[in-house]
Structure formats: structure tokens, C-alpha cells
Amino acid sequence: MMKKIIFSFLLILFLFKPELYAQIDGEVVKPYKAEFLLQNARVYTITQGVLENTDLLIKDGKITAIGQNLAPQNYTLVDCSGKSVYPGFIDSGTSLGLVEVNSLAETQDYMELGKLTPQMQALSAVNPNAVAIPVTRVSGVTTVLTQPRGGYFPGTASLIQLNGYTPDQMDAGFKAVVMNFPSAAKSGEYDNRSEETIRKEADKKLEEINDIWEKAASYLSIKEKGGQLKYYPEMEQLSRVLAGELPLFVEVNAAKDILAALEWVEEKSLDVVFTGVAEGWKVADKLAESKIPVITGPVLTLPSRASDKYDVSYTNAAVLHKAGVKLALRTQDSENVRNLPFHAGFAAAYGMGVEEALKSITINAAEIFRVDEKLGSLEVGKNATLFIADGDPFEPKTQVSQVFIDGYRIPMTNRHIRLYQEFLDREMKPAN
Amino acid sequence: MQTKILLLGLWMICCSKVVCQAQNASKGDIFIKNAQVLTITNGLLENTDVLVQDGIIRQIGSGLRAPDGIPSIDATGKYLMPGIIDAHSHLALEVINEASSPITAEVKMEDVIDPFDVSIYRALAGGTTISHAMHGSANAIGGQNITLKHRYGTRDPDQLIMKEAPRTIKFALGENPTRVHGRGKNLQPRSRMGVEAVIRNGFEEALQYKKVWDDWNASGNDSKKQQIPPVYSSRLETLVAILEGEIIIHCHSYRADEIYMLIQVCQEYGIDKIVFSHVNEGFKVAPELAKYTMGASVFADWWAYKFEVYYSTAYNAAILTKNGVVTSINSDSDELIRHLYHEAAKTQRYGGLTDDEALALITINPAKQLGIAEQVGSIEVGKQADLVLFDKHPLSIYAIPQMTWVDGVKYFDRENDAADQRLKVDPEETLEPIFLHTEHHNCMRDVDFYFTGFGRNLFGHRH
Amino acid sequence: MRAFNLLILFSFLCLWSLFPFFLFGQSDRNGDRRVTATYYLSNTTLIPSPGKILTGQNLLFEDGVIKAVGKNITIPAEAQEIKGDSLFVYAGFIDMANKTGMVEPPIPEKPEHFDPSQPIPEIAGIHPHFSALDHFQENNPHDKEWRKLGFTLAQKLPKGKGMLPGSAALVMYGHESRNNILSDNQSLYFKFSTVGGVYPNTDLGVMAKWRDLIQNARLHEMHGQMYSSQKDLRRLEKDPVLEALIPVLNKETPLLIESTGELDIRRALKMQEQDKFNLIITGINEGESLIPLLKEKQVGMVLTLDLPEDKFSDVAEDKKGADFQHRTERAKKAYLEKLSLPGKFEQAGVPFGFTTKHLNRTDFLKNIRLMIDNGLSEEGALAALTVHPAEILKISAIAGTLSEGKMANMVLMSDTLFSEKAKVIMVISDGYLFDYSEKSNKIKKGDMVWEYEAETQGGKSKGKWNLTRKDKVWTGTVSYDDPQGGGIKTSTIKNAAITEASLAFSFTVEVGENTLEVKVSGDVTGESFSGNMEIKGYGNYPVKAKKLEKPEIK
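Protein chains in written order, with the working numbering: chain S, 8 to 439; chain X, 127 to 589; chain F, 70 to 623.
Treat the hints loosely; a few may be bogus.
To be verified - Selected chain X positions facing chain F (Cβ under 10 Å, derived; list incomplete):
| # | residue |
| --- | --- |
| 1 | Ala-192 |
| 2 | Pro-283 |
| 3 | Lys-350 |
| 4 | Thr-556 |
FYI, nobody ran anything at the bench for these hints, they're computed from the structure. We treat Cβ as the ideally placed atom computed from N, Cα and C, and that holds for glycine.
Construct the complete structure from the given sequences, taking the supplied hints into account.
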């Protein structure tokens, strides 16, 4: 009986949201663009505080007005009473779209053969129809950096927005070459190398990287002088980094590796961002001094050493922030990028505070990715990439009721939701 | 400069004695005053006192008076809930898989408990007081699991065992056993058909075994037996015990078809003590799970790490709960076990479970599935005092566990928490290994030997 | 057990005394025979057992047995004197759970369509019916090296990768002309390890398999008893594996369990709790908290002489930081705990022996001194090398102390045993003399001895080059470790070309049916050589050598 009541309740809930519920066989809800007026919302602008009872107008994919009592005209009205509007969240490190089923090699497109493959473009391999994309975006995560892995220079990462039929439509306008800084740390309990071997191997790798770097420098100087160069896509891509056209994202985690990486980049005038930085809390001051922005995460992960305090991965972001490091967060996930708000929530609880945690997945990320003209906050003129929630989006119980990406109203469904709808109250139950 | 001070501070804390050196299997007294008590079985009791004596919850009420000498804690504004129970874990184990045979019912996880695993402490710091230390998923019928109480600090593995817990055993269906044995060693099972056959073979052999022994036992008195003694097999002894209902099956499973298959087999052999674990497609057979099993123990949101979990939904726990399945959320991971309260909270986003429903997923429900609901899983007079105190409601993202008790003994206190909690240190290890991007989940540990020729992607994901 | 040992000893002695009459008409043309089997140590300092020191003692032994000890004993005319005035005489050391000289037993091939879940016992590393003696190389060079350090008796464990490699034996480090086996089937060896890839594959399987084996051994024994009185039953099939376990169940043979840590010790105690056998645990390297329990259960205990590497005396400057310091402190504490473990056992009044397994020979005295510096008494250390292992091995009647009737196993030291300057002057084992005193031999003019070390694929290889110049031509020999494990071998040096600044020569090494050509060449600076060793068809390896000032001349 109780079940019946619950079910009817849920049914009513769904009926009020027809877009969630494909009642007609084969009917599909597509993203669509219109002029939307979000009315009477609490607007978390990020950059200009929280605005109560405020309207927000979306036109041609942009936020064209924010204010109280905007004229409704012919806009599609969205009642946001009791609800909050946030800029779309940005995950600063994922492999979303590059892998469909993690363990199946056939679906893994995030790693190429070779240690020097900076020209490999993540954007080319992004599958716009990956099942994980709609699963992610209904949580309010609208934009992610998707990046290749493996080797010294695994490829070029791309910032993508989670709506579009082609990679180009998804391109959010930022690329960076990824580098894995060689580690002189012992990697896990099955690493039987001696201390000396580990150091030697790391030194050797760095030497190799330096050799590559020198080559890229000569390539660039010939290029700048207008010399004839044979097709050498690896050097071509690295030379763009050297010329300052593309930033370098340096993945580095162990404390001593971070120090070594700081030394390595110091001599070079590069546009650098450090990523990972799991043991950043140990060298936060040095990082702050360097002014290098940091993308850290996952927050919900184990401490890197057995002797570490249990919560170092939760508090790392707070320690870095308090030291003055410019910070963005990442999940480093593929299928569960939807958990980004929870990673941020943990960072908030463990010392960072809600406001800073919010910034780390909105405006800070947008600034690091140089897209703060378009993304990262709710301001007139910026892209209408935002979402409506019935509360604090870090709180698990909060429901995200509507997501807009670039002014497109995103259907609030995905395979997880459709399976829920189909199986919540199944037909043909076993007889009692 | 700030870092230096911080590091120095950390170092000084570390040099002082490791805090949690609780006495072996000791039982404690504690008086917790004026807490928001999440009883689980009796809703939320506001501003309520809980008195614990000798490791047992003695009184719950307001305005209680504690006998002299019992330490008391003012918990005003804080939330007290029962210790979190993880129905699927592999922490504190030296070995996880005895992957050498499709049936290894004879092996016992109690033989390989590792009390030095710092993950136990980390789990306590996340409010988890009991974990079900399971055999891995390499075999159709794996080993006998052991239910642990997180009495961290003891060097004696036996002190971690929850003595009242009934026997349980690991079964596993689908990709893992077929990969290890079928593809890895050219042994059955190679397919889901084979998994069923292997399990049936095991049960049938067990029935024959039982008959042979019953006949022998009946064949005259000890001094004059009429037959020679049969061969002893602890493997078949264990399978007989399953058939006789003495052991609860905890079955690693993902797809609806394989879940349904084992339900059918169990029905045929009269087995009703079975819990399905992971059970990502459990939502498809929720009515059957509700009717024929002791429930399902699921992940909050894991999916797509392998093909058999591609058609999953994060709404699984909600669908199961609403269909009347006894449902729990497990970790299968040394990382997730640190925040199962948060995993449970996700069911409020994915399916809108109530606070009581969500909290039951990590307390009374796993207790039922492990057969220990009489002792733990809720805050009730007479139950063991496994408790955790949060600063905020545990389903809030901002909640931080403050103190954790097992049997009334405090094993974690955030305010007096030394950094380095290792119980045992390698004397030659001055370069401490660091663990980054490692798989936190261990279902398939110790089976690598069989895959030297297979390529790495096979072990990429192991649950 | 003791009677059995004595019986063996007695038969040995019979043989021995007969020896001179078995020459079958041949003279001792190489002068190998000793003149007498009767010796006495004169006016020496005797440590008959730990804690006792007697000065001005004479000790008479004959045919490997101590006949008399005291200040005024009658010395027969045939006794040869060993001057003991400046010496300290200790009972010969007893090593436990040692594997030097053991070779892996042959294991049957895996059949076609091999099912790794049901291997035959031998393939699964379960062969308790194997005896250490069946795969033991007597007179192997390692044991001779151990004898140089004072060991005269050792318990030998069989090799094997799995959980039940076989039964242990007791052997003497005696003269190579004799059969030095003291007893067989001394204890049954068990370890927590597996062959890999077959059942059992981990400690989980090992524990379960053990329980099954024990149950079935009991049933097998019962079947045997039934069959002996009721002939209408199914016959008892031979099962060497189960039969080898029955003496353990009946407490006739102890089970010797090797431990690699305190969790292994706990598992061993659990096994004993269940099946009540006599238990010896070897390889103990931790487990202070277990001492009371081990004492209560009367377990025979064997501690390892192997100690972790000292990583704390010399810490590089760049590694000092609060974090590093903290971790180092904890590791150092763990290190000191290892060093003080034997002292803790001693203080708790728990007798224990030592095993040299895993021990680098050159660390033997150094490690004992470290243990003494960290709480073990000198008497305790000596006891762990003599009296206690004799007790655990149940051979106290013949070994472990120096008194009338005991075997003539002794270590003659230049100083008290554990002092820094103490040197082994002579070891007497089984009544035979092994003289290790440094004789003041001078180098003959024109002779050179180099001690070399080469890095090869198989690891470090060490040996000597003995070179002699005659008529302006250098000849000589090179010694090396046999790549097939046959100990130290020598080969003739050819084509030697030596100047003040360079050295080159070649030699050949036999490996099975192959002959390897080896060329050595390099530069000499003063007393050191640095160069290259070319093994034809394999590659080049660096070699370093040092010229010895006082080469030993035999």
C-alpha cells in the first residue's frame, strides 16, 4: 500500500516534468535554445556576491541581463522561486568522453603509444555521445578539461562543454600540452627499486625531457628565423609551448617532485600550471611564491603515504589556498565526474570554506583556462552556462532542476534516470 | 615559513605517542550528553543522553545521570549515530584471493587478518566501526569471510574479529571468475553458464560428501567401523554448511541474469541466506531480490569501469529500497570506507531517500546482511556501543566525524589525532612509498599471476 | 631420539677406529692421513658452557669424543698437543634451519592439460616425504666457510618452493673424508609459501590445505589401524605425503615452521593450538609482544641472525626536513627493536637458538655484537649458539657444551668470543682440526696474489688470481664461484702479460658442456687493478682487484 502511495507520488512528480518522461514511444527530448527568463532566483554570481529575488535573462546563448523584476515579454519563463542559480561547474581534470567502459581497451582513447606525443589531440577523440556526458551534466558540471595520459608528453588537453554533436561544438576554447614530470618517489609498496635507482631513473628521465626541450628550442629558433623544417609534429607542438602560444600543464604530485618541477620551470619562461599536486600541503609556501596556478584533486582519495594524517587529501586544497596558491579542483575521473560538487564540498568542509570551494570549480578554473570572459561566473555578457538547484549544490540531497549550456536548455535525463523510471515499479513481479 | 611551522607541528605531534593504543578487545564506559541521536530504528531523538557501560548501551534518554567515574562528553548540537558498517571490504587482509581454483570454500580470511593495516584507522576516522573482510571475486565460490570490529591498535588479529558474527562466504559471478579461470587457465567457468554449472557441481558434490560421511558415522561404533573412513574435505564440509543454512552467502554479482540464476539455484537447494553484493543491475530484479534474499549491498554510484556495469544506475539503492529489498551501501575500497556516510547521502540525490532510509543503508541494513543486527546497527539499549559523533548531520557534505567508539572505547578523536598512525614500521624504509592513482578497490588482488600474458587492461579495474 | 643419535654416533666411531685397517694394501702415498686421532689442549682457558670460565685447563679428546677435562688429567702418549695457553675455547656453534649445500629437489613436469586447481602434491610444493639428505651436497664450500666462523653442527632444511619441502637433517661440519650426517628426519619443515600458479597459491590456501592434510593423515592412520585388524576392508593405499605427517601428529617429530614476521608466528601458534604437535619456529625477527605466549606454549624458538640494514648512521644532508626526520625516527625505532629482540627474549627467560639463514657470512660477528650492544648478554649469545639449539634439537647429551663424553666440537679463539679483536684460530669439528691461524708466510719474490670482484649478469663474482713468475713467464690460477653452484673452482691462467702498469691474461670456465673463454685486461695503479672481463659471446664486465700484501700460501 505504502509502495503504491510512494509510486503515485513519484509519478505525479514526473508528470509535472514532462521532459523527463518520454511517454510516447520513441519520443526524445533534445537540447534547445530559446530566450529564457529565470525569475525570482537566488543568484550566486561568484564574482559579485549572492543576489536575492533576482531574474536572469538568457538570449542567444548569453546572459543578457541580471536584475530584479525584468520584463517577461515573450520569453520562456522559468520560475526559480526558492531556487538558486549557479554558473556551470568546471572540472579541471578528467578523461570524460575519451573512454566509454574503463576496462575495455577498445574504448580507451586517452593514451597513445610513445612517450613524446604532445600533438595528440584529446578533442579529436572526444565522443560527443558518450553515455557519461549526460550523466555528468545533469549534476551541474557543464564544462570539463579532458586530457590524455601516459608518457612524458602524452598530448594536448581540451576544455569542453558537455553539449554538442561534434567536438568543435563542444570546444570551450582552451587547450594545453600535458607533461608528466618524472617522479623520484617510490611508487607504492610493490616498487622494489632502491633509493638510488629511483633517483637515477628520475634524473635520467629529466635528462631525456631536457634533451627533448632543447630540440624543441632549436626547432622554434629555426622556425622563427623562417628556416625550412621537415614535418615534425612533436616539435611543432612543443615549440608552441616554448613560444608561449600554448600553456604547459605539469602533472606532479610528490613533495620533492614538486620542488624539482619548480626548479625546472624556473629557468624557463613558460606558461605553466601544476596539476595533481597531492603533496602540495608540504610545500605550499614555495608553490605560492612561484605564483604557478594549481589544479588539485581528486579530493576524495587516500593520503599518498601510510604515515600521513588521514585527512591530508581532504585538507590539501585548503592548505594550498591559505598559502595563497591560485587553485582549481578536479575529479580525475571519467564516468563519475558528476561527483565534482562533492569533492568541492569535502574541500569546503575541511578548511577551504564554501565560497572558495565554489570559486575553485567556477571562476578560478575559468581564469586558469583563460575563459573567464565567457565562463566561471554569472555576469551579463558571459555565456549562459549555468544551472538551477533547489539548494546548495554541494549537498547530496539537493536536486538540480535545470541546466543550461551556452543558452541551450539541457534535457534533464540520462541513462541512469531512464533506468530508474523503467525499473522503479516493474511490471511482472513474482507471485506471492 | 608557514609550511615549516606546520610541518614542525605535525612532526611534534607524531613524536608524541600514537594516540589510539586502546587495550585489546577492551570495553569502555562513556556518557554522551545532549546529542542529536540518530537511532536508526527509532528516528531522531533530539537533545538526548546515551550512557554506555562495559561496552554496551545501557540507557538512552534525557536528563540521565551517569554513575561516578564515567567520562562524559557534551555533544550539544552534534549528531550521534551507530558505527557505520561496511558489508563488503577487503581492508586489513594480507591476502585477498586464493585464485587457484574455481571453488575455494575451505579458505578462511581469518587466517590472513592484518592488524597493522593503517586503513583500519582511516576507516574509523570516517565513522566505520565494522567491516566485512571478504575473499576476492576470482572464484565462483570463494573463501569464508570474516566480520571485523575496528579495534585498531591491537597486534593480535583475533582481537579484531567480531566473535558474535555468523559465518559468511564469498561467491562471485560474471566477468571475474570467467576471466580468471576460463580465460586465464582454460578451466571452467568460461561463461555465465559455466559459473552456474560450477556452483551446482559444488552443491551436488557436497550432498554426496555428506551422505558418505553420514553413512560412515552410522557404520558401527568408533572401535569397530564397518567401512574405511572417507576422505576429509574442508571445501565440501563448508558447502554442506551452506546447504544447511549455517553460512550466509555474500555474492559478488552485477548483471540481472546472473543474479536471477543464483536466486534460482539457491531456491532449488533450499538456501535463503544469501546477500547479493555490488549487484549493479539488482534494480532490474528488485522484486525477486526482495522476495528471495537477505538483500543487496551496492555501490552508491560506481559504474562503467567494466562492461558488466555499463548498464547501471546510481538510482539502484533507491529502487531496491523502494521495492522492499534490504539494501546496504558498501565500499569494496579502502577509500570509500572513509566516507560511507557520504555514499549513503548520494541516495538522496539519486532517488530521494529519506534520512532514515539513507542512514539504514550503512547501519542496520548491513548489520542484517551480516547477521549481527541483534548486536549492532542502531542505537538501542542493550546493543554494543559502536558509535560515531558528527559535528553536523552525517548526510550533509559538510559533516566531519569527530569521535568514533567501538564497544564504548574511543578509537578516534579528531581533536587529538596524531598524524602517523602506523602500528608497524619497516626498519629499512626511510624512503616511504607513495600511493597515487592506485586502485583503491581490491576484489581482484593476488590474481595477477594468472595474467602474465594478458596485458594490463585486464587488471585496470578490479571490482 | 637421543638413543638413536648415539647409535649413529657409535656406528661412526666403529668405522672410524677401523679406518686405518682398510687401506687394502695401499700406502698413504699423498700423506693424507693424520698421525693420531688423539689430541689434547694444554693449559687453556675453557668456557665449557655459557657463563663458566675455567683457566689452566687441559682437554683430551680422542676419536671425536672429549675424554677428559681438568687441570690434572692423564695425557696418553699418543695424544698430540695443541698449545692452548693464549686461547679461549668454546663449544662448537650449532646452526639451525640452514640451507647451504641444499639443492632444489627435482619436481615432476606438469602434464599436458594440467589443471592447476588439482596439482599432484609434488608440483604444489607439498613433499614432506622428501628428506633434506637426498638433496644435500656434502662438503660444499659454504659449510666450510661457516666452519671457519666456528660452526661445527647444523640443522639442514630441504629446499623447495612450497609449504612442505621435506624433513630436516642434522649434519656435522666435519672432515670431508667422513660421512658427516648425524641424523635424518630431525623435524618436518613447514613454511608459509607456495610454488605459485597452482593450488595452494597463497597463505589462504596453505592454511586450508594444512588443515585438510592433518585431518586426512589422521584418517589414513585410522585406516591403517583398521586394516591391520580387519582384512575385509579396502586396502590401505600408500600415501607418502600423509604418512610423513603422522609422526608430527603423534609428537614424534616436531614441526619446524619458518616465520617471516609476527603474523606468521601467530599462525604457527594457531596451528599448534589446533593440532597439538611439537613446534619449533625459526626465522623469528619480531614479535616482542608474543614472548609470554611463546614461553607458555613451550615452543622451540630460533631467532634470525640476519638484521636489517643500518640506514641511520649516515643520513645525507639534503634529506633533513621535519617530515623526513619523523619517518626516520620511526624507522630507526623499528630498527633498534630488531636489534634488541634477542635481548628481550633472554630477559624473559625464553631459550632460543639462532639461524644463519639469509645472513651474510661477513655480518655474523658484527650482528651478534649489535645484539649484545642492544641488550643481549654475552652468555645469552653463546647459549643461543650452543646450549639452546642443542636442547631444541634434543642433542644436549652430545653437543652444546664441553665436558667428558661430548663430541669434540670446539672453537678456539684468540680472545673472548665477542670482543672486537677476537679471531678464530682453530675449529675442531668431530675431532678433526681445522687450522685458521694466520701463518706468517711471506710472499715469494715474484709472486702476486690479487683479490678480484667482477660484476656479471649473475651478480658479483669474487675470487683470487695467483700468479708466479718463472723464467720471465707468468703462470698461475684463477679462482671463481662455479656458475653452476659447485662452489669455488679454479682454472689455469694463460697468456699472462704483466707490466707495472697493466695486467692481462685469459682462462677458461667450464659450464656444463660449454667452455667459456674469459679474457681479463686492465690497468694497475699501485696495489689496485681496474679493468674489464670479456666473456666471449656474452659481453664485457667491469673487474676490480686488489693486490694482497700477504697472500695465503697453501
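Going down the list of hints, with the structure as the test:
Violation of the interface hint for Ala-192 (chain X) is found here, the shortest Cβ-Cβ separation to chain F being roughly 34 Å, above the 10 Å cut-off. For Pro-283 (chain X), the interface hint holds, the least distance from its beta-carbon to any beta-carbon of chain F being 6 Å, beneath 10 Å. Interface hint at Lys-350 (chain X): satisfied, since its Cβ lies 8 Å from the closest Cβ of chain F, which is below the 10 Å cut-off. Annotation: Thr-556 (chain X) was flagged as interfacial toward chain F, and the flag holds, the nearest CB pair being 5 Å apart, inside 10 Å.
Hint 1 from the list above is the single one not met by this structure.
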